[in-house]
Amino acid sequence: MFAWQNTPMTGLHLLGIIIGAIIVLLLVLITVMYEILAQRKFIGWIQRRIGPNRVGPWGLLQTAADVLKLLIKEDVIPAKADRAMFSIAPIIAFVPAFMVLALVPYTMNHVFTAGMNVGVLFYIALSSVSIIGFVLGGWASNNKYSLVGGMRSAAQMISYEIPMGMSILGVVMIAGSMNITTIVADQSHSQFGWYIIPQIIGFIVFLIAGIAELNWTPFDLPEAESELVAGYFTEYSGFRFAFYMLSEYVYLFAFAALATSLFLGGWNGPILPGWLWFAIKSALIVLLLFWVQATMPRMRGDQLMSFAWKVLIPVSLFNILLTGLLSLFV
Amino acid sequence: MTSTLHKEEMILNLGPQHPSTHGVFRLVVTLDGEQIVDADPVIGYLHRGTEKLAEGLQYTQIIPYTDRMDYLAAMLNNYALVHAVEYALDLEIPDRAEYLRMIVMELNRVASHMVFIGTYLLDLGAMSPFLYAFIERENIVELFNEICGARLTYNYMRIGGVKWDATPDWIDKVRRLVPMLREKVKMIDNLVSGNEIFLNRVRGIGKFTKEEALNYSLSGVNLRSTGFRFDLRKVRPYGIYDRFDFDVIVGENGDALDRYTCRLREIEQSLRIVEQAASQIPEGPVMGKVPKMIRVPAGEYYASIEGARGELGAYIVSDGKDKPYRLKFHRPSFVNLQILRKLLIGQNVANLIAILGAVDIVLGEVDG
Numbered sequence: 122m123f124a125w126q127n128t129p130m131t132g133l134h135l136l137g138i139i140i141g142a143i144i145v146l147l148l149v150l151i152t153v154m155y156e157i158l159a160q161r162k163f164i165g166w167i168q169r170r171i172g173p174n175r176v177g178p179w180g181l182l183q184t185a186a187d188v189l190k191l192l193i194k195e196d197v198i199p200a201k202a203d204r205a206m207f208s209i210a211p212i213i214a215f216v217p218a219f220m221v222l223a224l225v226p227y228t229m230n231h232v233f234t235a236g237m238n239v240g241v242l243f244y245i246a247l248s249s250v251s252i253i254g255f256v257l258g259g260w261a262s263n264n265k266y267s268l269v270g271g272m273r274s275a276a277q278m279i280s281y282e283i284p285m286g287m288s289i290l291g292v293v294m295i296a297g298s299m300n301i302t303t304i305v306a307d308q309s310h311s312q313f314g315w316y317i318i319p320q321i322i323g324f325i326v327f328l329i330a331g332i333a334e335l336n337w338t339p340f341d342l343p344e345a346e347s348e349l350v351a352g353y354f355t356e357y358s359g360f361r362f363a364f365y366m367l368s369e370y371v372y373l374f375a376f377a378a379l380a381t382s383l384f385l386g387g388w389n390g391p392i393l394p395g396w397l398w399f400a401i402k403s404a405l406i407v408l409l410l411f412w413v414q415a416t417m418p419r420m421r422g423d424q425l426m427s428f429a430w431k432v433l434i435p436v437s438l439f440n441i442l443l444t445g446l447l448s449l450f451v
Numbered sequence: 446m447t448s449t450l451h452k453e454e455m456i457l458n459l460g461p462q463h464p465s466t467h468g469v470f471r472l473v474v475t476l477d478g479e480q481i482v483d484a485d486p487v488i489g490y491l492h493r494g495t496e497k498l499a500e501g502l503q504y505t506q507i508i509p510y511t512d513r514m515d516y517l518a519a520m521l522n523n524y525a526l527v528h529a530v531e532y533a534l535d536l537e538i539p540d541r542a543e544y545l546r547m548i549v550m551e552l553n554r555v556a557s558h559m560v561f562i563g564t565y566l567l568d569l570g571a572m573s574p575f576l577y578a579f580i581e582r583e584n585i586v587e588l589f590n591e592i593c594g595a596r597l598t599y600n601y602m603r604i605g606g607v608k609w610d611a612t613p614d615w616i617d618k619v620r621r622l623v624p625m626l627r628e629k630v631k632m633i634d635n636l637v638s639g640n641e642i643f644l645n646r647v648r649g650i651g652k653f654t655k656e657e658a659l660n661y662s663l664s665g666v667n668l669r670s671t672g673f674r675f676d677l678r679k680v681r682p683y684g685i686y687d688r689f690d691f692d693v694i695v696g697e698n699g700d701a702l703d704r705y706t707c708r709l710r711e712i713e714q715s716l717r718i719v720e721q722a723a724s725q726i727p728e729g730p731v732m733g734k735v736p737k738m739i740r741v742p743a744g745e746y747y748a749s750i751e752g753a754r755g756e757l758g759a760y761i762v763s764d765g766k767d768k769p770y771r772l773k774f775h776r777p778s779f780v781n782l783q784i785l786r787k788l789l790i791g792q793n794v795a796n797l798i799a800i801l802g803a804v805d806i807v808l809g810e811v812d813g
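Those protein sequences? They're chains A and B, same order as listed. The first sequence stops at residue 451 when you use the working numbering, and every number in between is there. The second sequence stops at residue 813 when you use the working numbering, and every number in between is there.
Pulled out of the complex, with its shape left as it was, chain A reads as follows (with noise of 0.2 Å):
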């Protein structure tokens, strides 16, 4: 399956690797491009406004425009800020976030899938990583919004990483493995067909989590524009606000993948070609997400932790013990 995993490395590996690594960039950059339009789109439906439509037809070139506008943006450090941390915390929130989409599995000849055997646990070890770049920020900024948003931030996301992680653990049960493309494989031919049909209360949690994970409404805390103006990144403009943003969208769109390949089946699926059925499962999993964005106000803080410790994590072991009492009897 991956037969140039166990060769030695060669020079024709390494531009294999890299020409890789630019095609996934690539293709992730267009992709978060047209969620950004996709997002304006949709939930100016539901506010029963029409959305961006002038740049382009449709409002296609919106978020070029947009981008074109952040890169020619005068770079503002505030005096009185860390200027190292200040200019490295974007990228450390954002090199984990292009990194975890080494993981997913688009088609079923995974041409630039990772498919390493601690697949979920990277991703997890991976994302937790992106916080410290929002404390980071938040800190360097020496702004008092920007302080308490990268607390509020950090505070949720690691809280909210246990849940996430307990409830992917009743999918590594059933399936075996940590390996992301095993995973997706092994539901082609479950006994219990995707694992969204065993592990509901998993997919669930994790949604819930993976929602909290990303700050997204009803848990954007950390960005709540009514409090804290924009939180960890109050003070960042030009190209590195735009890091934060696109680390934003990146993990949106691999929350969206991972939640396709653990839950729904991945790539699997009648008719349509593997990479279409992958593609259409994850923009609902994103269409899913920006009606909720839309509808839902913000919880409070302590509500928050509190759903996480007494509601998800008792609810996520309690999946735990499920998934075992499955395999154990069926």
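Simulated from the structure, these hints should not be mistaken for lab results. Keep in mind that a hint or two might mislead.
[As the list claims (entries may be wrong)] Cβ pair distances, simulated, as ranges: (1) Leu-443/A x Pro-624/B: 46 to 54 Å; (2) Pro-624/B x Met-426/A: 40 to 48 Å; (3) Asp-540/B x Gly-177/A: 54 to 62 Å; (4) Val-413/A x Asp-617/B: 39 to 47 Å; (5) Asn-238/A x Lys-787/B: 56 to 64 Å; (6) Asn-698/B x Met-426/A: 23 to 31 Å; (7) Gly-489/B x Asn-263/A: 54 to 62 Å; (8) Lys-201/A x Lys-452/B: 16 to 24 Å; (9) Asn-698/B x Ile-193/A: 47 to 55 Å.
Built from N, CA and C at the ideal position, the CB exists for glycine as well.
Could you slot chain B onto chain A? The hints should help.
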């Protein structure tokens, strides 16, 4: 165990430029983590000296200045002034003018409460209700535009009546608007009021008792939410409010949720008044017999109305000239704001926004 951890309180300057202070309101909060230790409201960024300016203006000339106080309910401000002058002069107002006033005032109250619902939910992090509320408010604003040529600062009322008469077509539009608005308010109610997250954010937050509300001299929804039945339209009917059938909405607990529900249900009552007024409106003149030069006899006069945010009063001290010697507005937003500090201490930053929003201030009115 005693903690040797070094702790420091943080002073956070909320405003005057901040998304949730609804204007140029500044709040200096001392934070211990996210807990509020102290809060110090700083106002005056929108102060234009309306009361001082009024001393140099004839009574009719003051009317446009009142538009700029509570800019979300300018019709009610107009009325507060002209009502006080009419009360001082003991003027007879033609019936049609009174009915037109009732219609525009109650519609304006609806529009103002719509803005509250939209912005309050925006403060709590829900984006969509804001747009829904504003789309419906737009209908009302368009009607005002049609009758007086302005969407926000109407300058519609005059001492002795109103400036412009309504066409039969306009009255018809009002009649058609009422059931439509009623339906839309029900829709917003359906979409928002049962939301578990919303309820958890506002229930039991910013709570005060009847006695505290009275001690702080609160009025309007802030007072009624504690269960105290006090609405000037019923208690001391002015204009022709005694001819209409409507209920005074009161809350029970005096928390942010009650204030939200009270406002939502008050929209319904205001629509009832508009409906009755639009169906009973008689033909006739819209201006009464008013002397060319309005001179208020020497003395002191106070008349107050139920504004969108509470008791809106005008206190006139006259020395018999065509300009007031002194004009003082009892501005409900300013008075209601006084309890804010007491409500905030001990809360966290997220609750701060929920509490401030529920008090519902308009900075134009706070600063005068």
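Okay, the hints, checked on the actual structure:
no., hint, verdict
1, Leu-443/A x Pro-624/B: 46 to 54 Å, "holds, 52 Å"
2, Pro-624/B x Met-426/A: 40 to 48 Å, "holds, 45 Å"
3, Asp-540/B x Gly-177/A: 54 to 62 Å, "holds, 58 Å"
4, Val-413/A x Asp-617/B: 39 to 47 Å, "holds, 42 Å"
5, Asn-238/A x Lys-787/B: 56 to 64 Å, "holds, 60 Å"
6, Asn-698/B x Met-426/A: 23 to 31 Å, "holds, 25 Å"
7, Gly-489/B x Asn-263/A: 54 to 62 Å, "violated, 28 Å"
8, Lys-201/A x Lys-452/B: 16 to 24 Å, "holds, 22 Å"
9, Asn-698/B x Ile-193/A: 47 to 55 Å, "holds, 53 Å"
When the structure is compared with the earlier hints, a violation turns up for hint 7 alone.
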